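Here the protein sequences line up with chains A and B, keeping their order. For the record, in the first sequence the residue sitting at position 210 is 254 according to the numbering used here, with numbers rising by one throughout. For the record, in the second sequence the residue sitting at position 218 is 219 according to the numbering used here, with numbers rising by one throughout.
These are calculated hints, taken from the structure and not from any lab test. Remember, predicted model here, so these are calculated numbers, not experimental data. A hint or two may mislead.
So the derived label-pair ranges between C-beta atoms look like this [what the hints assert, rightly or not]:
#1 Leu-110/B to Trp-318/A: 30 to 36 angstroms
#2 Gly-179/B to Glu-327/A: 55 to 61 angstroms
#3 Arg-359/A to Glu-133/B: 22 to 28 angstroms
#4 His-208/B to Met-337/A: 22 to 28 angstroms
#5 Met-331/A to Gly-180/B: 41 to 47 angstroms
#6 His-199/B to Ile-67/A: 18 to 24 angstroms
#7 Met-337/A to Asn-37/B: 55 to 61 angstroms
Distance condition first, Cα-Cα at most 16 angstroms in a straight line; then the derived EDC-like pairs of lysine to aspartate or glutamate [what the hints assert, rightly or not]:
#8 Lys-87/B to Glu-154/B
#9 Lys-126/B to Glu-176/B
#10 Lys-209/B to Asp-168/B
#11 Lys-364/A to Asp-224/B
#12 Lys-87/B to Asp-243/A
#13 Lys-219/B to Glu-90/B
#14 Lys-347/A to Glu-231/B
#15 Lys-238/B to Asp-211/B
#16 Lys-4/B to Glu-231/B
#17 Lys-195/B to Asp-168/B
#18 Lys-87/B to Glu-24/B
#19 Lys-87/B to Glu-327/A
Glycine is no exception: its CB is placed at the ideal position from the N, C-alpha and C atoms.
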Amino acid sequence: MDRIANFFASPAMKVVLLAFALIFPLIAGSEYQIYVMALAFIWAIAVYGLNIITGFCGQLNLAHGGFFAIGAYVVAILTVDHGWAFWPAFVASGVFSAVFGFLVGIVSLRLKEHYFAIFTLCVGFIIYLLLDKWEALTHGSLGIINIAPPEGFGLIDFTRTIPFYYLVLFFLVLAIVLVSRISSSLVGRTFLAIRISDDLAQSLGINLMRNKVLAFVLSTVYAGLAGGLYAGVVRFIGPAEAEVVHTFDIITYLLVGGIGTLMGPLVGTMMITWLTQAVQSFEEYRMIVFGPMLVLLVIFMPKGVVGTFLTWRGRRLASKAPAKEGQTRVGDSATSSKEARDNA
Amino acid sequence: MLKINNLTKRFGGLAAVNDVSVEFAAGQINAIIGPNGAGKTTFFNLVAGAMPPTSGSIEFNGMDVTGMAPDRIARLGIARTFQTTKLFEQSTVLDNLIVGHRLRTQSRLWDVIINSKRLRDEEKKCRAKAAEVLDFVGLSHIGHRYIADTTQEERKRVAFALAMATDPELVLLDEPAGGINPEETENLAALIRKMVDHGITVCLIEHKMDMIMSLADKIMVLDHGEKIAEGTPEQIKTNPVVIEAYLGSEEDVEA
């Protein structure tokens, strides 16, 4: 039992995961499955972003799907209407989400708890309205078609599924490595102190506003870049990308996987994506499966799959080795970031 | 060390702290007592900068800190604990303490991205500090334990350690002995004395009179936001105004 648990928490598990991800296109049953996996990776990047502001820093941001859509629209508008190539437009989507995130952050983060959540819910809806109604800029409800795919510079054709799959995998690994570094560093610990309590963090000399805005901007950059990638693979987007239902999808992935953990966003996104695929034949009745599952999960595993596992294992270790110094980090085992970096 | 001049805080029509002037000397244990709702915690919040005063001023080491943001005040050397001990339940005791020294470090996001030498040095420094304060409060043996699995007294000690990790000169303790048994209270009192022996000035709010009377060098009594007495434990014990505030006067009893 312990051996299996240790393996799951060890760096070797990350190697196994990465190896699986690398050979997945070879063992997948169809191109469709590879495509589904690539899309799930994109969503996972966005979930990692939400994990920074909501999981680590404790601020429930309900505009996250809106920032995803903004990233997608920046790429779409720049490539279709202004003739930009994909890569500069992709960089622009990150920059624009950072700037917009900063502006929204310095206003909305003055509010606390529910008020912040309600405010960002409104921001998300305003983003949707802008994308839907500002026809001169966004083509309105028609959406934008023929978005430029990522250029492969004559070497790789990213309009094909398998190359795109590896491209998205590369960005996902990069995203996880960065989050793992942040979460185990002093910066991540600062976010965590804010999550415990604003008052406590301030009494420890932490500048609340500066750190909350930093976490918020990081999360919007993640969302924006994920959106930019999404635009490059799907190549057609509409205002529906900004609907609040996507934000709640992202939150669901995060809750199922484990909020505030390092591998939770990935585990949650994968589980829900493939479960959705498995019950797709039920169509609208699939919510009969999802609803009770979510309720049970929230009641019995409020920390999600990964969070519950880590707490269980941590307690076991603590009770077995009383002399050993604490090594658990914010999210995962201490060596994970180094290992993941080596693999990247 | 801490000089309060005519400090007032009003919430609408209610003066939670009303025209309080007091001076706390360095290296002493100063207690603030008073009935519930006397404004003790509000007084702490004002000193720590958690809320700005309506009027009056606060001087710390000769520097005017009135209305300064709480994080800046913490960096100047005022640490505090809260009535309810808030800690990160899903982490170990040691992990909880590492962030305590964050305010003495400089690393930013960029240091994290490039994994700079400064960040690595500072993380080492914070870890060392956490181990040091853990040892100071006598909890080295449970550094690996999860906060969720610790006792109330241990939590209080961890909260002390967290305050100590900020390298403070003045520590404000809000009801440190609330919710723990008499024996643990004595141990905690010994720890407070140890802090003072290490050159830290302590200010505490407490309801346990035995503890206060044996521990404090100086006591200030608040009632309805006003300072009604100030002095050594002996002076306070016999002060008729204090007795009246706590027990009601003889006339009240007769009426």
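Going down the list of hints, with the structure as the test:
With their beta carbons about 34 angstroms apart, Leu-110/B and Trp-318/A fall inside the hinted range of 30 to 36 angstroms. For the pair Gly-179/B and Glu-327/A, the beta carbons lie near 57 angstroms from each other, so the given range of 55 to 61 angstroms is met. In this structure the supplied range 22 to 28 angstroms holds for Arg-359/A paired with Glu-133/B, their Cβ-Cβ distance being about 26 angstroms. For the pair His-208/B and Met-337/A, the beta carbons lie near 49 angstroms from each other, so the given range of 22 to 28 angstroms is not met.
One distance hint, 41 to 47 angstroms for the beta-carbon pair Met-331/A and Gly-180/B, holds here, with the actual separation near 45 angstroms. Checked against the hint of 18 to 24 angstroms, the C-beta distance between His-199/B and Ile-67/A comes to roughly 59 angstroms, which is inconsistent with it. With their beta carbons about 47 angstroms apart, Met-337/A and Asn-37/B fall outside the hinted range of 55 to 61 angstroms. Annotation: proposed proximity of Lys-87/B to Glu-154/B holds, straight-line Cα distance about 13 angstroms (limit 16 angstroms).
Note on Lys-126/B and Glu-176/B: the hinted pairing is violated, with a Cα-Cα distance of about 30 angstroms set against a maximum of 16 angstroms. Of the supplied pair hints, the one linking Lys-209/B and Asp-168/B is violated, its CA atoms being roughly 27 angstroms apart against a limit of 16 angstroms. Restraint check for Lys-364/A and Asp-224/B: the C-alpha separation of about 51 angstroms exceeds 16 angstroms, so the hint is violated. Restraint check for Lys-87/B and Asp-243/A: the C-alpha separation of about 10 angstroms stays at or below 16 angstroms, so the hint holds.
Under the criterion of a C-alpha separation no larger than 16 angstroms, the hint pairing Lys-219/B with Glu-90/B is inconsistent with the structure, at around 36 angstroms. A distance of roughly 50 angstroms separates the Cα atoms of Lys-347/A and Glu-231/B; the hinted pair therefore is violated under the 16 angstroms criterion. A threshold of 16 angstroms between alpha carbons decides the hint, and for Lys-238/B with Asp-211/B the separation of about 11 angstroms falls inside it, so the pair holds. Between Lys-4/B and Glu-231/B, the direct Cα distance comes to roughly 14 angstroms. Compliance with the 16 angstroms bound is thereby established for this hinted pair.
Our distance criterion of 16 angstroms between C-alpha atoms is met by Lys-195/B and Asp-168/B, whose separation comes to about 15 angstroms. Taking the CA atoms of Lys-87/B and Glu-24/B, the gap is about 29 angstroms. The hint is violated against a cut of 16 angstroms. The straight-line distance between the Cα atoms of Lys-87/B and Glu-327/A is roughly 46 angstroms, outside the 16 angstroms bound, and the hint therefore fails.
Hint violations for this structure: numbers 4, 6, 7, 9, 10, 11, 13, 14, 18, 19, all remaining hints satisfied.
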